[in-house]
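J.: Start from the sequences and build out the full structure, keeping to the hints where you can.
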Amino acid sequence: MNSIWEYANPRKFMATSAFLLPWVAGLAAICLVVGLVWGFFFTPDDFRQGSTVKIIYIHVPAAIMAVNAWLMMLVTSLIWVIRRHHVSALAAKAAAPVGMVFTVIALATGAIWGQPMWGTWWEWDPRLTSFLILFLFYLGYMALWEAIENPDSAADLTSVLCLVGSVFAVISRYALLFWNQGLHQGATLSLDKEQNIANVFWYPLVIALCGFGFLFLALVLYRTQTEIRARRLKALIAQERMG
Amino acid sequence: MIALLKRDLMLAIRAGGGFGLSLAFFLIFTTLVPFGVGPQTGVLATIAPGILWLGALLACLLSLDRIFQLDWEDGTLDLIATSPVPLEGLAAIKALAHWLTTGLPLVVAAPALGLLLNLPAAGYLWLIASLLLGTPALSAIGTFGAALTVGIKRGGLLLSLLVLPLYMPTLIFGALCVVRGAAGQEALTPLLLVAGITLGSLAILPFAAAAALRVNLR
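Top line first, the protein sequences correspond to chains V and X.
Going by our numbering, the first sequence opens with residue 1, and the numbers climb by one from there.
Going by our numbering, the second sequence opens with residue 1, and the numbers climb by one from there.
Among the clues, some could well be false.
What the hints assert, rightly or not - Derived pair list, reagent style SDA-like, types lysine to any residue, alpha-carbon separation capped at 25 Å:
#1 X/K153 x V/K54
#2 X/K153 x X/T76
#3 X/K153 x V/L139
#4 X/K153 x V/D152
#5 V/K54 x V/F201
#6 X/K153 x V/P97
#7 X/K153 x V/E146
#8 X/K153 x V/A238
#9 X/K6 x X/L104
#10 X/K153 x V/P151
#11 V/K234 x X/K153
#12 X/K153 x V/S153
#13 X/K153 x X/L11
#14 X/K153 x V/E149
#15 X/K153 x V/A143
#16 X/K153 x V/W145
#17 X/K153 x V/T120
#18 V/K54 x V/T120
#19 X/K153 x V/F201
#20 V/K234 x X/L217
#21 X/K6 x X/D78
#22 X/K6 x X/A112
#23 V/K234 x X/R218
#24 V/K234 x X/I152
#25 X/K153 x V/R231
For the record, the hints were derived by calculation from the structure and aren't laboratory data.
T.: Written out as structure tokens, the structure reads:
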């Protein structure tokens, strides 16, 4: 019986991810091209927002993936703390910069959309502010990885930071709701609504969302491979010196 | 553990620097604010709660890297780790010592600085209460951050990058409590939320700090 823990073996992980990577990357490319081209050129303009509404095809998927990247880091950190699988820790390390870039994309596209629509680039709205805070959390997490030399200590300490940071990130999210009334509209997509938005916008959005998901997966697989190779290289160099 | 607390307090008082320095920083910070925003008392009164909370927070932050750094450098930390005192207890004691030498003086000094910034009379009680309930959380979070970065040379800047985002909820509720209190509105809810964050931090973070210390002492 195969279990997911097999991939804790770096060799197994490398083989499987090498096989998966072209497919995932290809799916990401197809979904992104189809979703974005469909969204940008073949959907009608919104009657109030005009063509600016089309930024939603980048903004919403990037924002969703930015939060889910942190969630993935939380899970992989937990796995590292509990079962001490190196691949897991390296996957968390690999996901952080990707998540941070998605956060920046969400913030930037939001600002570009907000300027004509709200008349301001930035507003201290709970949603906007929590994304800024998320960005800071990513920064701190990556800085801690960089600052510690011993890779195992670095993995341990960043995992602890990720766990504690997650708790505080959730508290911050609700603290911000308490702090200021929002300008941002409610969630565009929720699982518990019958229909979120009109179907013409909905289909390309879902495809773009899948595209961002696959893109994230492909980048994380690729970066984890790089991390594993870097780790092996380090071991080889150390061996050379010994021998 | 009480001996440890006494030792930390003695060191803070006798070695100088640690005890009064953050207080002096708080004073200077508050004094600089009117130069930055202008001396209009109306403006100062509106921003006073936020400035006082920010000043207290930054003063706390400045003294964080002292918590473990000296003990780490001269090997005291290794000795304590091998003693029967659990590291969780050590982290809690360190946080308590930090609060007694930094947080408590800030609470005492804050009303005087509130006068400087023309804080409305209704706000003083809430200022003291929110700082009294909120600064222990700052010390506990800071101890965790100090434990994370103790093995890093020149970790001071990294420490602030890690700790400041964690300070955010405390700052929001603390400042909000004073703002509402000063405006004569209902301020009990944010005060209770500050207390909740403090209790939660005190319950969880000594364990996280001890875990980080164990990794660093390996």
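J.: Take the hints in turn and mark each one as holding or not.
T.: Hints, verified against the model:
1. With a C-alpha separation of about 48 Å, the suggested pairing of X/K153 with V/K54 is violated against the 25 Å cut-off.
2. About 17 Å separates the Cα atoms of X/K153 and X/T76, which keeps this hinted pair within 25 Å; it holds.
3. Annotation: proposed proximity of X/K153 to V/L139 holds, straight-line Cα distance about 19 Å (limit 25 Å).
4. Between the alpha carbons of X/K153 and V/D152 the distance comes to roughly 18 Å, so the proposed pair stays at or under 25 Å and holds.
5. For the proposed pair V/K54 and V/F201, the alpha carbon gap of about 9 Å is at most 25 Å, so the pair holds.
6. Among the hinted pairs, X/K153 with V/P97 is consistent with the structure: their alpha-carbon atoms are about 24 Å apart, no more than 25 Å.
7. At most 25 Å may separate the alpha-carbon atoms for a hinted pair to count; X/K153 and V/E146 meet this at roughly 13 Å.
8. Among the hinted pairs, X/K153 with V/A238 is consistent with the structure: their alpha-carbon atoms are about 24 Å apart, no more than 25 Å.
9. A distance of roughly 16 Å separates the Cα atoms of X/K6 and X/L104; the hinted pair therefore holds under the 25 Å criterion.
10. The hinted pair formed by X/K153 and V/P151 meets the criterion: a straight-line CA distance of about 16 Å does not exceed 25 Å.
11. This hinted pair checks out: V/K234 and X/K153 have alpha carbons roughly 23 Å apart, not beyond 25 Å.
12. With a C-alpha separation of about 15 Å, the suggested pairing of X/K153 with V/S153 holds against the 25 Å cut-off.
13. Our distance criterion of 25 Å between C-alpha atoms is met by X/K153 and X/L11, whose separation comes to about 22 Å.
14. Straight-line distance between C-alpha atoms of X/K153 and V/E149 comes to about 11 Å, which keeps the hinted pair within the 25 Å bound.
15. With a C-alpha separation of about 14 Å, the suggested pair X/K153 and V/A143 falls inside the 25 Å cut-off, and the hint holds.
16. Restraint check for X/K153 and V/W145: the C-alpha separation of about 14 Å stays at or below 25 Å, so the hint holds.
17. Simply put, X/K153 and V/T120 have alpha-carbon atoms about 42 Å apart, too far for the 25 Å limit, and the pair is violated.
18. Of the pairs offered as hints, the one joining V/K54 and V/T120 holds, with about 18 Å between alpha carbons and a cut-off of 25 Å not exceeded.
19. A C-alpha spacing of about 52 Å is found between X/K153 and V/F201, which places the hinted pair above 25 Å, so the restraint is violated.
20. For the suggested pair V/K234 and X/L217, the alpha carbons sit about 23 Å apart, so the restraint of at most 25 Å is met.
21. As the CA atoms of X/K6 and X/D78 are separated by approximately 19 Å, the hinted pair is consistent with the 25 Å bound.
22. Under the criterion of a C-alpha separation no larger than 25 Å, the hint pairing X/K6 with X/A112 is inconsistent with the structure, at around 29 Å.
23. For the given pair, V/K234 sits about 21 Å from X/R218 by alpha-carbon distance, which is consistent with the 25 Å threshold.
24. Pair hint V/K234 plus X/I152 holds up; C-alpha atoms about 21 Å apart against a cutoff of 25 Å.
25. A distance of roughly 23 Å separates the Cα atoms of X/K153 and V/R231; the hinted pair therefore holds under the 25 Å criterion.
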